[in-house]
Structures are given as structure tokens and as C-alpha cells.
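The letter at position 330 of the sequence shown is residue 330 when you use full-length UniProt numbering, and the numbering goes up by one with no holes.
Treat each hint with caution, since some may be false.
With beta-carbon atoms standing in for the labels, derived distance ranges [said to hold, decoys possible]:
1) Ala-517 x Leu-678: 26 to 36 Å
2) Gly-351 x Asp-185: 46 to 56 Å
3) Leu-410 x Leu-678: 41 to 51 Å
4) Lys-409 x Asp-502: 45 to 55 Å
5) Arg-405 x Ala-303: 24 to 34 Å
6) Ala-303 x Gln-427: 41 to 51 Å
7) Ala-517 x Asp-327: 22 to 32 Å
8) Arg-283 x Arg-405: 37 to 47 Å
9) Asp-185 x Glu-35: 43 to 53 Å
10) Ala-717 x Thr-687: 25 to 35 Å
11) Gly-351 x Lys-409: 26 to 36 Å
Note that these hints are calculated values from the structure, not bench results. We treat Cβ as the ideally placed atom computed from N, Cα and C, and that holds for glycine.
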Amino acid sequence: MAYNAGTTAGEREVRLPRATAVKNRQAASKQITAEQILRESKALQADDFKAPVVKISDPEELAEYRLAKRKEMEDDVRRVGRWNPTVWVKYAQWEEQQKDFRRARSVWERALDTDHRNVSLWLKYVEMEMRHRFVNHARNVWDRAVSLLPRIDQLWYKYIHMEEMLGNVAGARQIFERWMKWEPDHHGWTAYIKVLGMELRYNEAGRARDIYERYVRCLPDVKSWVRYAKFEMKQGDVAAARRCYERAVEELGEDSQSEELYIRFAEFEEKVKEPERARAIFRYGLDTLPRSGVGELYKRFVAFEKQQGSREGIEEVIVSERRQQYDAEVRANPLSYDTWFDYIRLEEGAGDLGRIREVYERAIANVPPAPEKRYWQRYIYLWIMYALFEELVAEDVERTREVYRACLKLIPHAAFTFSKIWIMAAQFEVRQLRLDAARRILGMALGMAPKDKLFRSYIDMELALGAVDRCRTLYEKYVEWNPASAGAWARWAELERGLGEDERARGLYEMAVSQPALDGPELLWKAFIDYEIASGRRDAARALYERLLARTRHVKVWLSYARFEATPLALLAQRDEEGEEEGRVSEGERRAEAERAEGGAAGVAAREAAARRVYERGFRALREGQAEAKEEALLLLEAWRAMEAASTCRPAEETEAAVAAVAAKMPRRVKRKRAIVLEDGTPAGGTEEYYDYIFPDEAAAAPNLKILEAAYKWKRARMEAGVDA
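Go ahead and model the full structure; you've got the sequences and the hints to work with.
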């Protein structure tokens, strides 16, 4: 390639424009929108081309125009006619405008040869023939259309409509007959039924009825039968309409029936003033149809009962619906005992004894799958409710006894038992005045599966009957079976005490507290001590306290012992046994009377001294033997200080000195921190604050505490001076 002379390499180099930096990135004040672009393009668009108007003045020009037009349309149909029927329609309509019907028919026929399944072509073809009153041609086209496309309902509709417009009733009927041979759907039969008015106008009701018979045979469903019954109703034949509904129920069968049929049937009976028939139909439908398909039927039934029925009828409807609901639930899950309880309450509210027993029998037949008590705890209440129903509602004694026997026979007593069933069965026999039977039941229970509750109930029954010897025998078996039961020993001793057998009662208490293991020893010791206090034996009660302290050094024992020593014996007995005068005599008056009875001021001083010795022993025992029991020691000191402050048998100076002496033993509360430890002993991380108590003896033994105390005083002084620590 040649270059111009005198140019340098730098001048011959192609230089691209340099990109300039955008100085202002803000939005422009005038924005260009899509609407503005479209408006400008429309404004700059050229005007549409309009072909010049052609005026034809003689036959030769008309022939030339038609020839050119036909050639143009023939080219179009050859090019796109197979997949674009619009060009055929335009071609045929143009020939129709030229009044050349022979050519127009030829175009339509050619179009149908191309696509005879195109319904639009058939309709437009027939419309041309009908517009120009070529009736026979139109009939021929309709015949061909319905023969080739018999499942196109529109063609049949148009054909029949044309015959009706022409007044050709026989022809329309004949076309319907042809159509019905193809067994169309409901739309076809609906069209035929609408024309039945024409049949009735010509007094041919019998022929219309035959058509309905063919209809229900061709399409045997609810819709066809309901229309048949409505037709008979319009004719005024109530019995025939009822027969239609009855035939529908019989011929459709349970599989094809639906709630709509029963709703229509019941509405028909209600319309003809037969409410009892309508009610029976509603109930039959609710009982026959599945639960999932009667929602609307149930709503209609409730509305019907509100209009026609009584309150009892409405309640019966609601009960029936809920009964079906519960039936479905217990079929799905027969071990759902809560559902059985709801079902039973429903039937008991209805009051039908037969149904109630049936539901109970169905419920108790669902035995839990495993002999474990946790599975039987809900199930056993079905038996309890059944027995109570038979006794209290049905008042059938023999059936009640049989229910108890069956229940006790069913329970696997080797694995577990239910004391409630044994006790209820025995109490039932007592109410029937069969004491021997009640004793046999409870004796069998104790022999098969002894339990504390069974012993207590048996003893209470014998005690109510006044059989003291039997009670003693039962208590002997009770403590022999469970010698660790503190409650059994205490109740036996209380029985003997109530009978005035003090020696027996005291001996039983001695045997009880000497047992190596008890489930509630503190209750038994308290009962023994209260018994001695009520008997007025202070020395015996004091000896019991000493024996108890030999076994345990709990702070509650020390507090009770000190309170016992400081209180008159008569006042302690009155507190333990609430008398009739408690509401009339104040606490102060009772105390004053008890103190006068036990030596006056000298007796008070002796008792306070004894209580003080107990407090001193208790505090010393807690501090020496249980150094970690600081809160218990604090509790004992507070009770001690309260006793010293309430003393009235000495001068005020001595009282203040005694209170100060006790206060000197009081600990000081300090806040400390400790590591957080979980229940299993592993450290959880972090610390927590807690309150600790520092007794004077600990402060003397730990000199570091004095430094800590001095630091607390210095910090307190700084805070009082208003300076931050």
C-alpha cells in the first residue's frame, strides 16, 4: 500500500478519540421516556397508502375485474389454503357478493374437502344458504355436517333451530331422534327437554314422558332423575314425581347415590306438605351415605327441623351427626379412650339405655395391648363409668355386680392392680347390705395384691361397722406386710388411744419407733410425743425428745424440744387437740391459766431455764457437729432471742442482758462469689454471688476476715463522704 510522500510514521498512525471523563453523574433535568419515543416515531411516520377507487362502467370491465380477483384468490388458496381457512371464507363470501351462488358453493365444497372437521366452515356455509332462503340446500349441508361430526352439539343445535324457525315440528323431532341415538351428554338431553314445551303444546305429554324414560336409561344419574321428577311435578302428578325419586333411590344403588338426591327428594316432600316423609328421607340419607359426603345434607336437615320440627328433633339431629363422627373416629383408632368417653357422654345425654350399653360394651372390648399400668390407667375408667351407670342410672343390681366381676377378672393382678375397683366393688356390696360379700372382695384383694389403700379402706369399713377386733386383726396384717409404714403404726395407735387402751397405744408407739426403717419417722415420733403430752406426762415426752436427739440432730427437733420446755403442758395439749373453747378463749387467757396451773412465776422461770439449756445444747451441737449448717444455726438463734425477749419472769435489765448475749452469737451476713457447678458436678463456667454467714468464733479463727471487715468499713466511709470507691 502506498503512502503520501512527506508524512511521518507518527502522522500516519490512526488515533482513536480519547474517552472523556464524566464530570456530572446526576440525572438530567429532562428525561427521555418511552412514551416520547413512540410519539416522535408516530409523528414522523408516513401516511398509509390508499388504493385508488376503481369505477367499472361496462360489462367488459366487470368481467376483467372478476377474472383478476378470482385469479388473485386462487393464488391465495393454493398458497395458504390448507392451513388457513380464512382465505376460503373470503373467497366464498366474495362469490356470494357477486351473486354467483354456484361458484360460491363450489368454493365451500373445496374448502370442506380440505378440512371437513372445521366446524366454522360448516356453519358459514349453512348461513349463506339460509340467508338466501335456499332451505333444501341448507338441509343437505346440515345432514352432511351432523353425519360427519355427530359429537359436535352446536351443529345439532343449529339444525334443530332452523327447523323450529321454519315451523317444521316433525322435522325437528326427527332430528332430535337422530341425535339421541348417539347418546349425547346432559347438554344434548337438556336441549331436547327444553323443546318438550313444544311437545306439550301439541298435547303430546306421553311422548315427552317416553323421552324422559330414555333419558334416565341413557344417563342414569341424579341430575336426570331430578329433572324427570320435576317434569312430572309440572304436570301436577305428585304420585308420579314421588315414584321417580323412589326409582332413583332403588336403581342408582348406594354407590351412585349422593346427598343431592336426598336433598331434592326431601324438598319435594316438604313442598307437597309431607314433613314426616321429608324427615324420614333426611334420616335415611344421613344413615346411608358416608360421613364425609353428608355435610350439606346435614345442614339442610337442621334447617328443616328448625322450621318444621321441635326442639327434641333438632337435638336428635345433632346427636345423630356427632354419633357418626365418633363412630368414624373410634373405627380409625379404637384405643383412643378419650374419644370413647366423649361418645359415652353423648349417648348418656340422649338417654337411650340400649345405645348406652352398646357403646360401653364396644369401649371395654378394646383392651390395652400390653400389661403395663400406664396403658390401663385411662381404660379402667371405662369400667368404673359402666358400673356407676348400671347402678345409678339403669338401677340394675345384677348387671352392676357382673360389671365389677368382669373387670376384676380382666385386670392382670400379677403385674399390677387398681385399688379403686376393689374398693368400689366392696362399697357396692355394702350398699346392698351384703357385708360378707364386701369382706370377701376386700379379703381377696389383700390376698392377691395387697396395697396401703386397700388396707386403709378395709379398716375404715370395719371401723364404721363397729368391728374393733377385725380392725386390730387387719392392722396386724397391715404392719406385718409393711412394717415401714409410719402411717399404719400411727393410725393403729390412734385407734387404741380412742378406745382408751393407753397401754396398747404406748406399746404400739414403742414398737413403731424401734423399727429399723420407716417411711416417715418424723411423723411417728411427733405423734408419740403428742400422745405423751396429751396424757400429761412431761417427763415421758422429754425422754422421747432425748431419744429422738440421739438419732438425729436436726434443727427442727431442737426448736420443737425448746418450745416444749418453754410452754405449759396444758397449753401444748390444747394446741394439739382443738377444743370447743378455742373460739371463745383467747391465746393469752389460755396461757395465763396454764401457767397458774403449773407453778406460776416459778414454774415459768424453770421452764425458760430448761428451754435455754436446750437452745444452748442445740447451738453447740450445730456449730460443733454441723459447721456447714449455718442457716439452721441462725434460725435457732433467732428463736432463742425471741424467747429471751418475750420473757416476763425477770427484770428488764436481765432480759436485755440475755438478749444481748444471744445477739453476740449472731453471725454477720457477707456477700461472696463461687464457681457455677451443674447438678452432675461439672463446672459450667462463670461465677455467681451468694450470701454467707460468719459467726464470731469463725472471725476469731480467721484473721483475714478482719482485713476484709476493715476494707468494708473503709468503703462504707468513702461512700458516705461522696467519693467513688
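Here is how each hint holds up against the structure:
| no. | hint | in the structure |
| --- | --- | --- |
| 1 | Ala-517 x Leu-678: 26 to 36 Å | holds, 32 Å |
| 2 | Gly-351 x Asp-185: 46 to 56 Å | holds, 51 Å |
| 3 | Leu-410 x Leu-678: 41 to 51 Å | holds, 47 Å |
| 4 | Lys-409 x Asp-502: 45 to 55 Å | holds, 46 Å |
| 5 | Arg-405 x Ala-303: 24 to 34 Å | violated, 49 Å |
| 6 | Ala-303 x Gln-427: 41 to 51 Å | holds, 49 Å |
| 7 | Ala-517 x Asp-327: 22 to 32 Å | violated, 54 Å |
| 8 | Arg-283 x Arg-405: 37 to 47 Å | holds, 39 Å |
| 9 | Asp-185 x Glu-35: 43 to 53 Å | holds, 52 Å |
| 10 | Ala-717 x Thr-687: 25 to 35 Å | holds, 27 Å |
| 11 | Gly-351 x Lys-409: 26 to 36 Å | holds, 30 Å |
Checked against the numbered hints above, the structure violates hints 5 and 7; every other hint is satisfied.
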